[in-house]
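Combine both chains into one complex, guided by the hints.
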Amino acid sequence: MRLEPVANPSIWRTTLPPAIAIASTVVVASLLAMAAGANPFSVLGLILKGAFGSKFALLETLNRATPLIFTGLSVAVAFRARLWNIGAEAQLYAGALITVVLGTGMLQWGAFALLPALAISSMLAGALVLLVPALLKVRFGVDEVVTTLLFNFIFLLFISMLLEGPLKDPMGMGWPKSERLIAEARLPRIVEGLRLHWGFGLALIAAALVWVIERRTTLGYEMRAVGLNREAAGFAGIPVNRVLIKTALLAGGLAALAGFSEVAGLKGNLTLDLSPGFGYTGIIVAMLALLNPLAVVAAALFVAGIFVGADSMSRAASVPSYLADIMLATALLLMVLAILLTRFRVVRE
Amino acid sequence: MDILEILLSASFWTAAIRIASPLIFATLGELICERAGILNLGIEGIMVAGAFAGWMAVYSGTGLWMGVAVAMAVGMLFGLVHSLLTVPFGLSQHVVGLGVTLLATSLTYYAYRLALPEVTSPPKIDAFQPFEIPLLSELPLIGPALFSQTPLTYLAFILVGVVTLVLYRTPLGLALRAAGENPSAVAAQGLSVTGIRMGAVIVGSGFMAVGGAFLTMSAFDSFFFEMVNGRGWICIALVVFGAWKPGKALLGAILFAAFDALQIRVQQTPLGADIPYQVFLMTPYILSILALIVMSRRAEVPAALMVPFNKGER
Numbered sequence: 001m002r003l004e005p006v007a008n009p010s011i012w013r014t015t016l017p018p019a020i021a022i023a024s025t026v027v028v029a030s031l032l033a034m035a036a037g038a039n040p041f042s043v044l045g046l047i048l049k050g051a052f053g054s055k056f057a058l059l060e061t062l063n064r065a066t067p068l069i070f071t072g073l074s075v076a077v078a079f080r081a082r083l084w085n086i087g088a089e090a091q092l093y094a095g096a097l098i099t100v101v102l103g104t105g106m107l108q109w110g111a112f113a114l115l116p117a118l119a120i121s122s123m124l125a126g127a128l129v130l131l132v133p134a135l136l137k138v139r140f141g142v143d144e145v146v147t148t149l150l151f152n153f154i155f156l157l158f159i160s161m162l163l164e165g166p167l168k169d170p171m172g173m174g175w176p177k178s179e180r181l182i183a184e185a186r187l188p189r190i191v192e193g194l195r196l197h198w199g200f201g202l203a204l205i206a207a208a209l210v211w212v213i214e215r216r217t218t219l220g221y222e223m224r225a226v227g228l229n230r231e232a233a234g235f236a237g238i239p240v241n242r243v244l245i246k247t248a249l250l251a252g253g254l255a256a257l258a259g260f261s262e263v264a265g266l267k268g269n270l271t272l273d274l275s276p277g278f279g280y281t282g283i284i285v286a287m288l289a290l291l292n293p294l295a296v297v298a299a300a301l302f303v304a305g306i307f308v309g310a311d312s313m314s315r316a317a318s319v320p321s322y323l324a325d326i327m328l329a330t331a332l333l334l335m336v337l338a339i340l341l342t343r344f345r346v347v348r349e
Numbered sequence: 350m351d352i353l354e355i356l357l358s359a360s361f362w363t364a365a366i367r368i369a370s371p372l373i374f375a376t377l378g379e380l381i382c383e384r385a386g387i388l389n390l391g392i393e394g395i396m397v398a399g400a401f402a403g404w405m406a407v408y409s410g411t412g413l414w415m416g417v418a419v420a421m422a423v424g425m426l427f428g429l430v431h432s433l434l435t436v437p438f439g440l441s442q443h444v445v446g447l448g449v450t451l452l453a454t455s456l457t458y459y460a461y462r463l464a465l466p467e468v469t470s471p472p473k474i475d476a477f478q479p480f481e482i483p484l485l486s487e488l489p490l491i492g493p494a495l496f497s498q499t500p501l502t503y504l505a506f507i508l509v510g511v512v513t514l515v516l517y518r519t520p521l522g523l524a525l526r527a528a529g530e531n532p533s534a535v536a537a538q539g540l541s542v543t544g545i546r547m548g549a550v551i552v553g554s555g556f557m558a559v560g561g562a563f564l565t566m567s568a569f570d571s572f573f574f575e576m577v578n579g580r581g582w583i584c585i586a587l588v589v590f591g592a593w594k595p596g597k598a599l600l601g602a603i604l605f606a607a608f609d610a611l612q613i614r615v616q617q618t619p620l621g622a623d624i625p626y627q628v629f630l631m632t633p634y635i636l637s638i639l640a641l642i643v644m645s646r647r648a649e650v651p652a653a654l655m656v657p658f659n660k661g662e663r
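Those protein sequence lines, which keep their order, are chains A and B. For what it's worth, the numbering used here labels the leading residue of the first sequence as 1, then goes sequentially. For what it's worth, the numbering used here labels the leading residue of the second sequence as 350, then goes sequentially.
It should be emphasised that the hints constitute simulated quantities derived from the structure, not laboratory data. Positions of the beta carbon are idealized from the N, C-alpha and C atoms, including for glycine. Misleading hints may appear alongside valid ones.
[Claimed, not checked] Covered by chain A, according to a simulated footprint, are these stretches of chain B (three or more residues, beta-carbon under 8 angstroms):
1. 432-441
2. 469-480
[As the list claims (entries may be wrong)] Pulled from the structure, derived: some chain B residues nowhere near chain A, Cβ distances all over 12 angstroms:
3. Trp414
4. Tyr517
5. Ala524
6. Ser533
7. Phe569
8. Leu636
9. Arg646
Okay, chain B solo, but in the shape it has when bound (with noise of 0.2 angstroms):
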């Protein structure tokens, strides 16, 4: 009784749209690195340093929009960093991806305790405001749920559409789906598979910081230690559960924060005061592991994920 009236409730739909927000920014920034061939484990900290980059600049005085971009510009440098690596050297991604997660969050922490020397509780900014459609925002339920959000939602919407018409309805987007399937074709035609691959792992460490820059600038209005707690390893679970599909993994990350709203709001009613918060704080990992057991089986992993290609070498 008391779940389903929170599943018909407006707030909660718009909570779950909230919290699906940063994760399609990552998951999707993640499936464009896997669909070119390469699995991005820098996820979780270029998250960080997205969150603290775009709030930082904002909170130095830049605008809202410019800080979007300062947070993917970082997102794209430590993305630099990650391909290099990984593409032309052919590093293990699995080891390179751990230290580009390490490297990103400790200079991370390492600006903030100095640009913020002395402080307890971190300073706010004025952060994105919901943004309500005209006439749309009006209606039932899903008015305030999809059009009364900010406008990062919005842009999170906009780029799983981008996204799929670039991945399957451009010459360029067949290169890189070819780069993650069979590297030596993409390289008979002439093209170059480091390129594809470098600018594919860029271009999505940059979308992954725009994730965690949703959470320090239109979710909350300040930046906090451990504030990505583990989401960009989610969106990794999230990208094999949307079978490296966009709209799949839109649908993927909207179900799973409906499960995480669903989850806090459980925690609040006479059921849920019995059991103890840990348990529904473990939901969402238990969750993940469960929708990668399930998936598993009919899986299409891009069949070069985690080869290294090397022109000449077959």
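Next up, chain A with everything else stripped away, as it sits in the complex (with noise of 0.2 angstroms):
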């Protein structure tokens, strides 16, 4: 078989395939129920109702969604550049490891100074976490692939050190936790009384900026180039491996906002439980949304639905939640199938 690009591609072409994907995700999803004895339309139901089902249930998938949007745009904008950075989890750790150093008394700010100079901290951590992997890529040619994975295992094995070393909160009753931040230095509530944070907000301002970066900066354009043909971008005179850099810089400090948000806006400390792997779920995030930062926010949000929703629907059925991780991971893999049969067809030889 060959590949042949489809030159006017008809509306078939463009919605049907993406269509059978979900379909067949949803098909994947009845099955695996059924082998846990379970009905798969009341799964699937209790799946949904669990996710958007209540303002309790919408707003849990909203705070859910909030990290995701995070570390989906890290991903997304790094991935454009070709960078392939699979650390966001170790540069989200390094953004609420400032939060909590910082936000625990160090810094005896107001709140209109405290947070701003949080967020700027936390990202810059991030950025610093991925220019080593970014410097390695550059200067030696290490892929950034294996290093940015292993330094996840590296960061949160640090993060475990502080937490039962100088981080250690000493009225924790000897759990590893840091101590928690000070009232200046926890987000508010969008709302009063609906429990929602700022870092949702954060996360949609950022979902635009990172747009308007994408498409209306020099930056975006090179960084864009440099992902399409990084030779023919070097022969146009595009500082390939500065472009690289600031897009590390970029990726890094994204990702960073995730843990700050987390800290300052859920959890108020940091734990080594803070992240239950939004780092690489970021990297399903980016890719559903086609690595457009503004997709990646309706992205977050329905890859977050499936979660709180595969929660709930675990305490409500005999059925694992490790079903939500199996329908994105199915997912993830059919739609890049299928986005590529949008401007493909197959020729038998």
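Below, the structure written as structure tokens:
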């Protein structure tokens, strides 16, 4: 078989493959639910209801989507320039770390000064964490996939070390957790009484800003050019390495904001289970959004909905919540294939 | 003084070879994929799936070797998924690989929860036991280290030889290496690049799964979540460290495992007691990164690694 580009794809060609991909994902989930001895329709219904069925569920989904928007944006920016940053997890924890280091009393400022300071320092920390693999790539040609992956393990152990050492809360009953942030370091709620903090607002602003950077600035143009064809971009006079470094700084900063927002908006302190893999899930979010910063918001809501819905479904039906991860992995694999088939046709030899 | 004592003890080298064994299987698997031009980031998840499948098969009553075969078959199945998407369709090997890792891991955890819904600690199986090779196992130091291991470890070493032979001494190996260096030349010979690459990914993934199964069937005797714990990623680093050559990759795996065995032992000395244990746990990952930096300058990367091949296109 061979792939042949389709010059003027019909409406069917552009919509049918993604629709089939989503339908197949639902079929896979149903089959697995049946394997667990549950009724697939009630399982899918419970997932939907648990994700969007009530005000509480919806707020929970928005809260869960917030870090995913940040990590999704981080991955989207990096992958656009073909910088394979799989280390958003480490960058997230770098942001969270700086937030608790500065926000538990070291800086006694008012909220209007402290919150921006925490956000910016988080971004710097995250940028620094990705700068190392980016420099290794540019300087020595070390593949960033492996280094960023390994950094996740190193950084989590580093956090664990700090939480059992200098950062340990003396009042924490021996648990490895940090002290709580001071009141001025907490992100306020968007609407009083509703459990949704300004981290979500910040995530929306970040998505818009990233969109502007990608589409309306020279850096964005250079990032896309480097991503499309590194050699050609270099030949055209674009400083490829410098663009890659700038991309890394931006991507690292964005992922770190997820850590800042989770600590300052939701948790209030740093623990080792701050992120259940938000950094890795960001890759799925970014791919489902086709690396488009605005679509990242929608993809994050979808992914968060599946997670929140599956958690709630798992409590009601005897189906393990890992069903959510399977659905997302299936959706990811089928979606990248579907997107390809919207632009190419398969020709038999 | 302490460290020298450790390095000269037979138990240290026995442990090092044991720790190296799963890495050898998985590194060989990744090496085969990459030599054919495909980066397989599904390795981490495929190891998880292999660890579970082999152990579960034995737990349900099959023999140990049947368990290894089941693990291998499961790995090959995920290899098929990976290769279908990356070879004929030429999709991003990064995205597909990570997707396969997520799929394999979550399917495994799901299956585990379904198979054993209400266990707090996973059941044990009668795992592979060390088999002492007559005479050779009585040699000082290398006897216990190399010749008193479990049969799976012997298989790992044999496999290094087999893979080397096939890669460098058979037409199949030549075609496989060419598919990773110059696929157009392979196609010009009338051979199917797609077939060779898919075959390499499927077989390689099978080896990765056996590497995972080593953990549950030889190193330990039950299955835990997070038990693979980044070993797959380390194997990807080992392939680079070994310059895509089986023999060098074997040395890398043993060297790496020796460091790992050493850090466990140093932790228990007075010197190690003053250092947070996380520092020791970090060392394998840091070593992998250092190895990548050192080797990056003279690495001979397969020229067509990560380059999709479309017949008729240049």
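Which of the stated hints cannot be reconciled with the structure, identified by number in ascending sequence?
2, 8 and 9
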